[in-house]
Amino acid sequence: MSTENSNERRSVAFEADARLVAAAMRGDLGSMEQLLGQVQNRIFGLALKFLWNTQDAEDASQEILLRIITHLHTFRAESTFSTWAFRVAVNYLSNVRRSRMERRRIDFAVIENELSVSQTRADGGSLEGDFVEQVESHMMLEHVRAACTHAILQALEREARIAFILGVVFEMPGPEAAYVLNITPQAYRQRLHRARTRMEAFLTRNCGVMNPDAGCRCARRVDFCTSNGVLTQYIQLADALRSDGKLDAINTHYRADYAAVGKMAAVFRNRTCDAIPDRVLNRIRRLFDTHQLRLLRD
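Note that the numbering used here gives residue 284 to position 284 of the sequence shown, counting from 1, and the numbers run on in steps of one.
Check each hint, because a few of them may be wrong.
Said to hold, decoys possible - Here are the in silico distance ranges between beta carbons for each label pair:
| hint | residue 1 | residue 2 | range |
| --- | --- | --- | --- |
| 1 | A13 | A266 | 47 to 57 Å |
| 2 | R26 | R205 | 54 to 64 Å |
| 3 | A13 | N182 | 18 to 28 Å |
| 4 | R194 | E112 | 16 to 26 Å |
| 5 | N182 | P212 | 22 to 32 Å |
| 6 | T80 | A214 | 36 to 46 Å |
| 7 | R76 | A265 | 40 to 50 Å |
| 8 | A266 | E112 | 14 to 24 Å |
| 9 | D248 | A109 | 36 to 46 Å |
| 10 | A214 | D239 | 25 to 35 Å |
| 11 | R26 | N91 | 48 to 58 Å |
| 12 | S94 | G174 | 33 to 43 Å |
| 13 | S94 | A13 | 44 to 54 Å |
| 14 | Q190 | D248 | 34 to 44 Å |
For the record, the hints were derived by calculation from the structure and aren't laboratory data. Positions of the beta carbon are idealized from the N, C-alpha and C atoms, including for glycine.
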């Protein structure tokens, strides 16, 4: 792909964003919904991975989307709209009070210990492959992976965690991620390198998705996670997305996306929770309907 073609597409994207922003600022709610549609699922995914709690992620996503709407007049087209929106999101998440899960202060040693004691078969038997094969196709497996990877992310301090999510999980280009974080590209590279090195070492030792020789298998943790209630929030979120008609679309995107991303990024992709529930968007729509939210700035 030539630099000229890349720059041309970027210019087209900037112009399209500028037209939508201008229309939204004139009060066109359809244009505003198009803009939010570009980012709302990824913002929710970012919040959930960062905070490790579905309710906290919904609340944070609503607040972020409201800030995007009410601060739209500050968009200066220094970047694409989605990059600017991510900057708004990261600024909010970096300063929001710690989530209920963050306050548990989990580290890699705590997680590694839990993984070592939770590799059990549902009936208490051996760890032979029949149970693993039986569970592989079950939705619960995806809930286990989501719960586990979100917990692992909590072992990174906030600055490292957000850099890792942007750079590895979302595979955001370095200059763009540096802009989102409002730091220099060199500082971002250093921050990402440290976070990636720590995470890669942990996953290589423990995660069977990352390393086939590692001991942990998601299927072997289903019973443990179910009995401890850690999957409840993910089951409820998946039920909401299924009711919204979004779950099949996530799975279709996931299958295509999974084959294209790197191995470490694939570990953190979640097929059951990477879309924002309609109830969050409906709350925002109601604010418009009741005139509690103004799109235009005088």
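Hint by hint, here is what the structure shows:
1. A13 / A266: 47 to 57 Å: violated (27 Å)
2. R26 / R205: 54 to 64 Å: holds (55 Å)
3. A13 / N182: 18 to 28 Å: Holds, since A13 and N182 (Cβ atoms, about 21 Å apart) stay within the stated range.
4. R194 / E112: 16 to 26 Å: holds (19 Å)
5. N182 / P212: 22 to 32 Å: Between N182 and P212, where Cβ atoms are some 39 Å apart, the hint is violated.
6. T80 / A214: 36 to 46 Å: holds (38 Å)
7. R76 / A265: 40 to 50 Å: violated (31 Å)
8. A266 / E112: 14 to 24 Å: holds (21 Å)
9. D248 / A109: 36 to 46 Å: Since the Cβ atoms of D248 and A109 sit about 39 Å apart, the hinted range of 36 to 46 Å holds.
10. A214 / D239: 25 to 35 Å: Holds, at about 31 Å.
11. R26 / N91: 48 to 58 Å: With a Cβ separation near 26 Å, R26 and N91 fall outside 48 to 58 Å, so the hint is violated.
12. S94 / G174: 33 to 43 Å: violated (19 Å)
13. S94 / A13: 44 to 54 Å: violated (26 Å)
14. Q190 / D248: 34 to 44 Å: holds (41 Å)
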